[in-house]
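Visitor: These are the residues of each chain, in order.
Protein chains: 2
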Amino acid sequence: MMAYKEASPSAWEAAATAKRQAILNAIPAKWRIHDPLPHCTEVRDVTGNYIRRLLTTREIEITETDAVGIIEQTTSGNWTAVEVAEAFCHRAALAHQFVSCLHEVFFEAAIETARQLDAYFVKNKKPMGPLHGLPVSLKDQFHVRGIETTMGYVGWIGTFEGQKEDPRKGVAESELVRELWNLGAILYCKTSVPVTLMSGETANHIIQYTSNPRNRHLSSGGSSGGEGALIALRGSPAGFGTDIGGSIRVPAAFNGVYGLRPSSGRLPYEGAANTMDGQNTILSVVGPMATTPRSLRLLLKAIISQEPWNYDPLALELPWRDVLESKTRKLIWQSGTSKSLAFAIMRHDGVVQPHPPVKRALYMIEQTLRRQGHKVIDWNPPSHEKANELAHKAYNLDGGADLLSHLALSGETPIAQCLTKAGDHMNAAEIAKLNVEKRQYQKAYLDYWRSTVALTDTGRPVDGLFCAVAPHAAVIPGQYRHVGYTTFVNVLDYPSVAIPVTYADKEVDPKESRTDFLSEKDKEIFSDYDPEIYDGAPVGLQLVGQRLQEERLLALAEYVSEVL
Amino acid sequence: MMAYKEASPSAWEAAATAKRQAILNAIPAKWRIHDPLPHCTEVRDVTGNYIRRLLTTREIEITETDAVGIIEQTTSGNWTAVEVAEAFCHRAALAHQFVSCLHEVFFEAAIETARQLDAYFVKNKKPMGPLHGLPVSLKDQFHVRGIETTMGYVGWIGTFEGQKEDPRKGVAESELVRELWNLGAILYCKTSVPVTLMSGETANHIIQYTSNPRNRHLSSGGSSGGEGALIALRGSPAGFGTDIGGSIRVPAAFNGVYGLRPSSGRLPYEGAANTMDGQNTILSVVGPMATTPRSLRLLLKAIISQEPWNYDPLALELPWRDVLESKTRKLIWQSGTSKSLAFAIMRHDGVVQPHPPVKRALYMIEQTLRRQGHKVIDWNPPSHEKANELAHKAYNLDGGADLLSHLALSGETPIAQCLTKAGDHMNAAEIAKLNVEKRQYQKAYLDYWRSTVALTDTGRPVDGLFCAVAPHAAVIPGQYRHVGYTTFVNVLDYPSVAIPVTYADKEVDPKESRTDFLSEKDKEIFSDYDPEIYDGAPVGLQLVGQRLQEERLLALAEYVSEVL
Chain A
1 MMAYKEASPS AWEAAATAKR QAILNAIPAK WRIHDPLPHC TEVRDVTGNY
51 IRRLLTTREI EITETDAVGI IEQTTSGNWT AVEVAEAFCH RAALAHQFVS
101 CLHEVFFEAA IETARQLDAY FVKNKKPMGP LHGLPVSLKD QFHVRGIETT
151 MGYVGWIGTF EGQKEDPRKG VAESELVREL WNLGAILYCK TSVPVTLMSG
201 ETANHIIQYT SNPRNRHLSS GGSSGGEGAL IALRGSPAGF GTDIGGSIRV
251 PAAFNGVYGL RPSSGRLPYE GAANTMDGQN TILSVVGPMA TTPRSLRLLL
301 KAIISQEPWN YDPLALELPW RDVLESKTRK LIWQSGTSKS LAFAIMRHDG
351 VVQPHPPVKR ALYMIEQTLR RQGHKVIDWN PPSHEKANEL AHKAYNLDGG
401 ADLLSHLALS GETPIAQCLT KAGDHMNAAE IAKLNVEKRQ YQKAYLDYWR
451 STVALTDTGR PVDGLFCAVA PHAAVIPGQY RHVGYTTFVN VLDYPSVAIP
501 VTYADKEVDP KESRTDFLSE KDKEIFSDYD PEIYDGAPVG LQLVGQRLQE
551 ERLLALAEYV SEVL
Chain B
1 MMAYKEASPS AWEAAATAKR QAILNAIPAK WRIHDPLPHC TEVRDVTGNY
51 IRRLLTTREI EITETDAVGI IEQTTSGNWT AVEVAEAFCH RAALAHQFVS
101 CLHEVFFEAA IETARQLDAY FVKNKKPMGP LHGLPVSLKD QFHVRGIETT
151 MGYVGWIGTF EGQKEDPRKG VAESELVREL WNLGAILYCK TSVPVTLMSG
201 ETANHIIQYT SNPRNRHLSS GGSSGGEGAL IALRGSPAGF GTDIGGSIRV
251 PAAFNGVYGL RPSSGRLPYE GAANTMDGQN TILSVVGPMA TTPRSLRLLL
301 KAIISQEPWN YDPLALELPW RDVLESKTRK LIWQSGTSKS LAFAIMRHDG
351 VVQPHPPVKR ALYMIEQTLR RQGHKVIDWN PPSHEKANEL AHKAYNLDGG
401 ADLLSHLALS GETPIAQCLT KAGDHMNAAE IAKLNVEKRQ YQKAYLDYWR
451 STVALTDTGR PVDGLFCAVA PHAAVIPGQY RHVGYTTFVN VLDYPSVAIP
501 VTYADKEVDP KESRTDFLSE KDKEIFSDYD PEIYDGAPVG LQLVGQRLQE
551 ERLLALAEYV SEVL
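Residue numbers (full-length UniProt numbering), protein chains in the order written: chain A, 1 to 564; chain B, 1 to 564.
None of these hints come from the bench; they were simulated from the model. Since we're looking at a predicted model, the values are computed, not measured. Here a beta-carbon is modelled for each residue, glycine too, at the ideal position from N, C-alpha and C. Among these hints, one or two may not hold up.
Some chain B residues close to chain A (C-beta under 8 Å, calculated; not the full set) [claimed, not checked]: (1) GLU270; (2) MET276; (3) ASP402; (4) ASN435; (5) LYS443.
Partial list, derived from the structure: chain A residues whose beta carbon lies under 10 Å from chain B [said to hold, decoys possible]: (6) GLU270; (7) MET276; (8) THR281; (9) ASN310; (10) LEU314; (11) ASP398; (12) GLY399; (13) ALA401; (14) VAL436; (15) GLU437; (16) LEU446; (17) ARG450; (18) ARG547.
Working from the sequences, and respecting the hints, build out all of it.
Guide: Spelled out as C-alpha cells, the structure:
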C-alpha cells in the first residue's frame with residue numbers, strides 16, 4: 001500500500017482548479033454562460049425548456065432527434081455532419097455549464113472531423129459508415145488520440161494513466177474509439193466519472209460534482225454519471241459508459257435515459273483506462289447509453305460489425321444475430337396469445353424495499369405487461385444478499401491498493417462517496433475460493449431461471465426479469481447505501497437494459513408507513529425517502545435477460561418502451 | 001499451507017494398493033490376463049496385433065471402427081449397443097492390464113445401459129440420440145453417479161473430492177456426463193491422470209504409471225494420459241480429457257491419436273473435479289480425444305447440441321456453426337488455386353529445438369501443404385518464452401497450496417514429475433498484474449496473426465499454425481523439461497488439435513550434431529534424444545486456429561489428415 005505523498009494541498013487543488021478552468025476554456029466564448037446558474041431550490045430542472053431557451057429552433061430539432069433519426073438524415077445527405085456536430089457541441093457546452101458533466105471538450109477537432117465526413121459524402125455520394133455524422137460521447141476512460149484522460153484523478157493530469165513519461169501519452173487510442181472513427185462517428189467530448197469509478201455518484205476534485213439535470217438536488221448517478229446527465233440534457237444523442245456494478249444502468253435510470261450493460265465480451269474494452277485493471281473475478285464491461293432503445297441497438301450493432309474480436313483478445317466472436325432478434329419480434333407480434341411472452345417481476349431483493357416511486361414504476365410495468373396479455377410471475381431467486389457480498393469481495397480484492405496509489409500520485413484528498421477503504425489483499429487461494437462461490441451462485445441462478453419454464457405457459461422460461469436499478473430514484477448526495485439491485489447482474493454477467501418508466505411525484509408517492517423492515521439498511525433507506533426532494537426525479541427500471549442474449553433483450557426493451 | 005499429516009506410510013500405501021486391486025477386480029475374470037506382461041525391452045509395442053491376439057474377429061471389427069463409423073451402425077440398428085459395449089469393455093480391460101490406464105471400471109453398468117438402449121431402439125425404431133450406443137471414456141475428473149473419482153489422490157479414495165461426509169459423495173454427476181447420457185452414449189470407464197494433474201506424464205500411487213502402448217519405454221503423456229493410452233489401444237473409440245497446459249494435446253500426440261483443446265466456454269466443465277478450482281487466469285478446458293478427426297467433430301457437435309450454456313454458467317451460447325465449417329470446406333475444395341488456404345509453420349519456439357523425429361514431422365507437413373498448393377509462411381510471433389512464463393505464473397498462483405492440501409489428506413509422498421513445489425501465494429495486485437500482462441500478450445499475438453494477411457495471398461491471415469506439441473515424441477520418463485510448445489495455446493485460449501503425423505524411426509532420425517543451442521534447456525533436451533529408445537514412438541503435431549473457431553479448425557484437421 002502506498003502512503004500518501006507529502007504534497008502541499010494547494011498543489012493538487014491548484015492542478016484540479018486549473019484543469020477545471022481548462023475544460024471551461026475549451027468551450028468557445030459564444031457558448032459560455034456568464035450569469036451564474038440559479039440555485040437548485042429555484043430551478044430544479046434544467047432540461048427541456050430551460051436549456052432550449054439558449055438554442056436555435058434548428059439546434060433543438062437536431063439535438064432532440066435520436067441517434068437512429070440523426071443517421072437517417074446524415075447518411076442520406078439531408079443534414080450535414082457539421083451542422084449536427086455544431087448543434088451537439090453547443091448543447092453539450094450548455095449541459096456542462098449546468099451540471100458539470102464533461103472532463104474533456106474537443107469541439108474544434110469534432111467539427112473538423114465533421115467537415116471531412118461532409119467532404120467524403122459529397123465526393124463519394126455515400127456515407128463513411130453506419131454512424132456517419134453521429135456525435136458520440138465517451139466516458140472518460142476511453143483514450144482518444146491527442147486528448148487527455150484523467151478518469152477524475154488529479155494525479156493523471158498531464159500523464160498517461162498517471163505515468164508522466166509513458167510513450168502512449170497523447171497518442172493512445174482505445175479500440176472502441178478506433179472502431180467509432182471507422183464507423184463515421186464524431187467524437188467531441190468525454191464525460192465525467194467519480195474518482196476511482198467505484199461509486200454511484202459522480203464526484204471528483206476536477207469537475208467537483210455532476211448534478212442531476214432533472215432535479216439538481218440529486219445525483220446524476222455513477223460511475224457513467226457524466227454520460228447520463230449529458231444525454232438527459234440532449235447534449236449527446238448516444239454515448240458509451242462502462243459497468244462493473246451498475247455504472248451504466250444507474251446513471252441511465254437516474255437521468256431518465258436508456259443504458260445497456262451487455263455481457264462481457266460483446267464490446268471491446270481493449271485499450272481503455274480502468275480501475276484495478278486485471279481484476280477478472282467480475283469484469284467491467286462497455287455499453288451504450290442513449291435516448292431511445294433503438295439507439296442502443298444501433299450502437300451495439302455498429303460496433304459488433306467492426307468484429308472487435310479481431311482486435312480485442314477478450315471480445316467474443318459473436319456477430320450480430322438477426323435470428324435472435326427476429327424470433328423475439330415474432331413472439332412480440334403474437335402478444336396476448338398463449339405462445340406469447342412471459343416476464344418476472346422482482347418486487348424487492350430481500351434486503352431493501354424500494355422507495356414509493358420505484359414501487360409505483362414496478363406496478364406500472366406489471367399492469368402494462370398484463371394488459372398486453374403476458375404472464376407475469378413473481379421472482380424467488382437465490383439470495384441477492386449473497387450476490388452483493390460476492391460482488392463487494394471482488395471489488396475489494398486488492399484492499400483498495402490500486403485506487404489509493406492513484407490518489408497518492410497527487411496527494412489529493414479522498415472523496416467520501418468514492419473511496420474504498422484500505423484493507424488487506426486477498427491471496428490466490430482466497431480469490432480462487434471466491435471465484436468458485438461466484439460460479440456456484442451463477443449456476444444456481446441459471447437453474448432457477450430455467451425452472452420458470454414450469455410457470456410461464458409459453459414453453460420457455462421467463463423472457464426477461466424486471467426489477468429496480470436502485471432502491472430510490474436519482475439519489476440524494478451521500479445517501480447511496482445499497483447497490484445490490486445492480487451488482488447481482490454483474491455477478492451473473494447477464495445483459496440488462498435500464499428503461500425510463502416514470503418520475504417521482506410527491507403527490508402520488510407519499511412516504512409510506514412501514515414497520516416490516518427487511519434489514520437495518522432497509523430501515524435506513526426507508527427513512528431517507530423525502531417526497532419533496534425527490535419530486536421530479538426520473539425513475540428507471542432494469543430489464544434483465546440471459547447471458548449474451550443482447551439482441552433478444554433490446555428487442556424486448558424496445559417493445560416494452562413502446563407499450564409503456 | 002497445510003503440513004503433511006502424520007500418517008504411517010503403510011496406511012496410504014495400503015489404501016493405494018487396495019484401490020489398485022479393486023480396479024483390477026472390477027474386470028470380469030474372463031478378461032483377466034494371468035501371464036505377466038513381458039518386459040518392454042522384449043515387447044515394446046502392445047497395440048495392433050499384440051492386443052488383437054486376445055480378441056475375436058468381431059471384437060476387432062467393432063473396436064477398430066471409429067466413433068462415426070460406430071454410430072452409423074448403432075443408430076441404424078446394424079450393431080446392438082450391447083455387442084459394441086462388450087467389445088470395448090473387453091479391449092479396455094486388456095488395455096488397462098497392459099499399461100495401467102484406468103482409474104474406474106464399471107462395465108456391468110455400461111452393459112446394462114446398452115441393454116436399455118437396445119430396448120429403446122427396438123421399441124421406438126429410432127436411436128436415443130446422436131451418440132446412441134457409443135462407448136465414451138472419461139478422464140477421472142468427471143463425476144459419474146455411483147462411481148468414485150480419485151483424480152489420482154490416495155486421500156480422495158472413499159470421499160467426494162477429499163471430503164468424507166460430503167453429501168455429493170456417490171451421487172454427483174458432472175454436467176458433461178448428464179449430457180452424454182442424454183445423447184445415448186455409454187460410459188464404462190474413467191481413465192488415469194497424474195496426481196495433481198499438473199504433469200505431462202501420468203503417474204500416481206494408485207495406478208502407478210501409465211506407459212505408452214506404442215513404446216512401453218516411454219510415457220503416455222499427461223495429464224489425460226489414460227485417455228491417450230486407452231484410445232491408442234482402441235479400448236475406447238473416443239473420450240474426454242481436459243487441458244490447462246497441454247493435457248489433451250500431449251497425450252494425443254504421444255499416443256498417435258487426435259485431440260482437440262477447444263477455446264474456453266465451448267464445452268461444459270461444470271461439476272467436474274479440478275486442480276486449484278477457481279484459478280481463472282488460465283482456465284482448464286474440456287475437449288474430445290479420438291482415433292479420427294471426424295470423431296472429434298462428432299463429440300464436440302453432439303455436446304454443443306445439448307446447449308451446455310443453459311446448464312453451465314461459464315459455457316458460451318455458441319451453437320455449432322455450420323457456416324464456418326462449410327466456408328472452410330469450400331476453401332479446401334479450391335485447394336491449389338490462388339484463393340486457397342495458407343498456413344504457418346513454427347519450426348521452433350525460440351527456446352528449444354525439437355528432436356529429429358519432430359523436425360521430420362514438421363517437414364512432412366510442410367511438403368504436404370506445398371504439394372497441395374498452399375502457401376506456407378514462417379511464423380515469427382511474440383516471444384513464446386514470455387507465454388510460457390505467464391503460464392507458469394498462473395499455474396503457481398497459490399504456491400501449490402491446493403495440491404499439497406490434497407496430498408496431505410493421506411500423507412502420500414509426492415511424485416517427482418507431479419509436484420509443484422510449495423511457494424508463496426500471489427496476492428490480488430500481483431494476480432491482476434499477471435492478468436494484464438497475459439491480456440497484452442494475447443493482444444500482441446492477435447495483432448501478429450492478423451498481420452499475416454500481408455503474406456498469404458489469400459486475402460486472409462493464415463488459416464492455421466502448425467507446430468510441435470513437445471520437443472520430443474512420447475517422452476522418456478522423467479525427461480519432460482519444456483512444456484512451452486503447448487502452454488502458449490492456453491495463454492492465448494486458441495483452439496488446437498493434435499494430429500498424428502509419423503513415428504520416430506532410428507534409421508531416418510539419427511542424432512544430430514548441433515552446437516547452436518537456443519538455451520540451456522535446449523542443450524539438455526538435445527542430449528536427451530536417444531534414437532534407439534524413441535524408435536517407434538508416435539509423433540504428433542498441433543494445428544492451432546483462432547479463438548472459438550473450432551468448426552473451422554476441425555474441418556482443416558480433417559483435410560490435412562486426409563492428404564498427409
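Visitor: Sort out which numbered hints this structure fails and list those numbers smallest first.
Guide: none
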